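Undergrad: So you can see what is in the structure, the chains are spelled out below.
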Amino acid sequence: MTDDWTSGPRRFGTRRAVLAGMAALPLMMAAAGPVAAEGPPTAEINTTGLAVTDDTVTVGILHSVTGTMAISETGSVQAEKLAIDQINASGGVLGRKIEFIQEDGASDWPTFAEKAKKLLVQDKVAAVFGCWTSASRKAVLPVFEQYNGMLYYPTFYEGLEESPNVIYTGQEATQQIIAGIDWVAKTKGAKTFYLLGSDYIWPRTSNKIARKHIEKLGLEVVGEEYYPLGHTQFNSVINKIKLKKPDVIYAIVVGGSNVAFYKQLKAAGIDMTKESPLLLTISVTEDEILGIGGENIVGAYASMKYFQSLDNDNNKAFVEAFKAMWGKDIVIGDVTQAAYLGPWLWKAAVEKAGSFDIDKIKVASPGIELTTAPEGYVRIHENHHLWSKTRIGRAKTDGQYELIYETKDLMEPNPFPEGYQ
Amino acid sequence: MIGDYTIGEFTSILAMQGFAGLILFSVFVLMALGLAIIFGQMGVINMAHGEFMILGAYVTYFCSQFFSAYLPGLFSIYFFIAMALAFCASFGLGILVEWGMIRFLYKRPLDTLLATWGLSLILQQFYRSVFGAREVGVTLPEWMLGAVNLTDIIEIPINGLFVMGLTIIITVAVYLIMFRSGWGKQVRAVMQNRVMAGAVGINTKMVDRITFGLGCGIAGIAGSAFTMIGSTGPTAGQLYIVDTFLVVVFGGAASLLGTIASAFTISQAQSTMEFFMSGSMAKVLTLLTVVGILMLRPQGLFTLNIRR
Numbered sequence: 000m001t002d003d004w005t006s007g008p009r010r011f012g013t014r015r016a017v018l019a020g021m022a023a024l025p026l027m028m029a030a031a032g033p034v035a036a037e038g039p040p041t042a043e044i045n046t047t048g049l050a051v052t053d054d055t056v057t058v059g060i061l062h063s064v065t066g067t068m069a070i071s072e073t074g075s076v077q078a079e080k081l082a083i084d085q086i087n088a089s090g091g092v093l094g095r096k097i098e099f100i101q102e103d104g105a106s107d108w109p110t111f112a113e114k115a116k117k118l119l120v121q122d123k124v125a126a127v128f129g130c131w132t133s134a135s136r137k138a139v140l141p142v143f144e145q146y147n148g149m150l151y152y153p154t155f156y157e158g159l160e161e162s163p164n165v166i167y168t169g170q171e172a173t174q175q176i177i178a179g180i181d182w183v184a185k186t187k188g189a190k191t192f193y194l195l196g197s198d199y200i201w202p203r204t205s206n207k208i209a210r211k212h213i214e215k216l217g218l219e220v221v222g223e224e225y226y227p228l229g230h231t232q233f234n235s236v237i238n239k240i241k242l243k244k245p246d247v248i249y250a251i252v253v254g255g256s257n258v259a260f261y262k263q264l265k266a267a268g269i270d271m272t273k274e275s276p277l278l279l280t281i282s283v284t285e286d287e288i289l290g291i292g293g294e295n296i297v298g299a300y301a302s303m304k305y306f307q308s309l310d311n312d313n314n315k316a317f318v319e320a321f322k323a324m325w326g327k328d329i330v331i332g333d334v335t336q337a338a339y340l341g342p343w344l345w346k347a348a349v350e351k352a353g354s355f356d357i358d359k360i361k362v363a364s365p366g367i368e369l370t371t372a373p374e375g376y377v378r379i380h381e382n383h384h385l386w387s388k389t390r391i392g393r394a395k396t397d398g399q400y401e402l403i404y405e406t407k408d409l410m411e412p413n414p415f416p417e418g419y420q
Numbered sequence: 000m001i002g003d004y005t006i007g008e009f010t011s012i013l014a015m016q017g018f019a020g021l022i023l024f025s026v027f028v029l030m031a032l033g034l035a036i037i038f039g040q041m042g043v044i045n046m047a048h049g050e051f052m053i054l055g056a057y058v059t060y061f062c063s064q065f066f067s068a069y070l071p072g073l074f075s076i077y078f079f080i081a082m083a084l085a086f087c088a089s090f091g092l093g094i095l096v097e098w099g100m101i102r103f104l105y106k107r108p109l110d111t112l113l114a115t116w117g118l119s120l121i122l123q124q125f126y127r128s129v130f131g132a133r134e135v136g137v138t139l140p141e142w143m144l145g146a147v148n149l150t151d152i153i154e155i156p157i158n159g160l161f162v163m164g165l166t167i168i169i170t171v172a173v174y175l176i177m178f179r180s181g182w183g184k185q186v187r188a189v190m191q192n193r194v195m196a197g198a199v200g201i202n203t204k205m206v207d208r209i210t211f212g213l214g215c216g217i218a219g220i221a222g223s224a225f226t227m228i229g230s231t232g233p234t235a236g237q238l239y240i241v242d243t244f245l246v247v248v249f250g251g252a253a254s255l256l257g258t259i260a261s262a263f264t265i266s267q268a269q270s271t272m273e274f275f276m277s278g279s280m281a282k283v284l285t286l287l288t289v290v291g292i293l294m295l296r297p298q299g300l301f302t303l304n305i306r307r
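For the record, the sequence lines run as chains A and B. Just so you know, numbering that gives the first Met the number 0 puts the end of the first sequence at 420, numbered straight through with nothing missing. Just so you know, numbering that gives the first Met the number 0 puts the end of the second sequence at 307, numbered straight through with nothing missing.
So that you can see chain A by itself, here it is in the shape it has in the complex:
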């Protein structure tokens, strides 16, 4: 019977599925009988033929577990699984246990699109937690909009996007950048900046925002440079930095280049603990430090919304649960925490809407708050991004950040910042 229900929509498409669902309703009630699910009846909360049964709901996890991006995306997968586990342990969503289907995007953007389509069309998942790079998100976006799915996207990214079908649980560029530059200008009296990044959309857009903001403050950008992804030789640019003597190196280097950059910076005699120049990054989380080595980056500042070392009860419980599930040596970075929020935000939206239907979740999502987030309190904005605080951390030798500063208020997400484009 359950099979009839889920296979119906596959054959008939959405509109008939509603009818099929209604027709099946009396039968289902009869069959369920006294052992009915705790939650409301399936037909009421799922009118669009999603993979929801009387006691389970299926969601998708779509990340790269093979290929170059596996380095970064592993943490997100782990966080999402932990959240799903915890939600199930606390009674599930609308009385239904969450089951997940995991697909591998394999660090290949067309594969992401294909797997997204498979999850939405064939598996009828109620939500997808996934993607990491902007390129993969851009690849799946049309799929989610066409087949009306819901994507929870965890990474801090460049902004310039807003889709009703996506909830962005990481920070968009202005949230991450503006508070950081304000802080370094005010507290450290920085006057000159050297912008450095890997050569693709996120660093370039972010540095554009950074440059506009720096110039707005009346300060000076003395250099701006991009290196190809995977570049491993930074000696020339380090020489240039030494020559220009900026107050701040603003670094958005990613991936394997990151490791090379910090090791060579250290080897070239730039001791970041002396803070001349000071280094501020928005791309190095605790996950990356694992590869870089704490001794190579000690003294650098990072501007993002979450550090593993945050001292609050939510975070302590989260870190403990994460280590219990994935091993005591594991570290948790900003994106991992953002990925952890995805399932919880989805649960809250489903419960607020009283339905798994995507259209109802879209309407219900803005205004949803989470007081249990490891980073503290977050709320979904009208534009489907999160209000969140921005924090500055200072890297220590043990690979953790020490919290130095956090914004007093939540930063408003502003994916299309006027005057910054």
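Since the hints were derived computationally from the structure, they do not count as laboratory data. The model shown is predicted, which means the values in this text are computed figures rather than measured ones. Glycine included, every Cβ here is placed at the ideal spot set by N, Cα and C. There could be a bad hint or two in this list.
[Stated by the list, open to error] Computed beta-carbon distance windows for the label pairs:
#, chain 1, residue 1, chain 2, residue 2, range
1, B, W116, A, W325, 28 to 34 Å
2, B, F103, A, D84, 28 to 34 Å
3, B, W142, A, A88, 49 to 55 Å
4, B, A172, A, K117, 49 to 55 Å
[Claimed, not checked] Below, computed lysine to aspartate or glutamate pairings styled on EDC-like, alpha-carbon distance capped at 20 Å:
#, chain 1, residue 1, chain 2, residue 2
5, A, K241, B, E141
6, B, K282, A, E223
7, A, K244, B, D110
8, A, K215, A, D198
9, B, K282, A, D198
10, A, K239, B, E141
11, A, K395, A, E274
12, A, K239, B, E8
13, A, K273, B, E141
14, A, K407, A, E98
15, A, K315, A, D397
16, A, K395, B, E141
17, A, K244, A, E214
18, A, K116, A, E98
19, A, K243, B, D151
[To be verified] To list a few chain B residues with every Cβ distance to chain A over 12 Å, as calculated:
#, residue
20, I76
21, L104
22, R133
23, V147
24, Q191
25, G200
26, R208
27, G229
Position chain B against the provided structure of chain A, taking the given hints into account.
TA: For chain B alone, kept in the frame of chain A given last:
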């Protein structure tokens, strides 16, 4: 005054920039040597070269873990032992791969390309499954960190000096093996005329196997050394492979001297251009120049004169 800088500053930067170029040169030579031996002597295009390097890097990582846990007293010299072990591991894997795969493909160069590319994917996934998808950090002994201060501005990275020294030693060793030893003579004989070499009693199969292993072993040493300047992760080998092929092809496939000359040209061009323009632009110009020269000289900078 030159621009905004004093003469002193300017000369210091010139010196440091020259040194940056030399370090890049050493890195290029070190990563290309193994490939040049295999490609040059055997005509096998080893797409898995980067993964052999990463095997060396992982060996180094485990050595650092082992020494800091069990032999902290010897930690300051563990790197040398790690390099030796890295060579052994990659050499061993190279022999195994030659025996299990390459030897069936000698007459089909394009197939070796595909097969070794497949091997590189298999090795990457193997590293990922066994060692984890995340990058690992190799801890270095204190004396290998930091820089030597010559003046206020001139600071020479110690790891750069180390790589340069290592490159010189490896290059000299390869030269001695290939051109001053009996075995090297055999290798060159096999390369020039395989049938004839066999006829005079050289075990060509064994020569092939050891040559392949030697190339892989040198890749392992390079990978071990690069833990000082780069990342160690399942796919980190991919970061080096393009530059490596560029150096070998530009230098002329069959010539060690060509490899060195080409590494020197490319590294100096790139590091000089990086100083005057953005990194991406410098890379584009370097590649364009190489393409241009290869169009005029398809055989590369140097070729061996062999009667065919």
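Undergrad: Against the structure, test the hints numbered earlier, and report the numbers of the ones violated in rising order.
TA: 2, 5, 7, 8, 10, 14, 22, 23, 27
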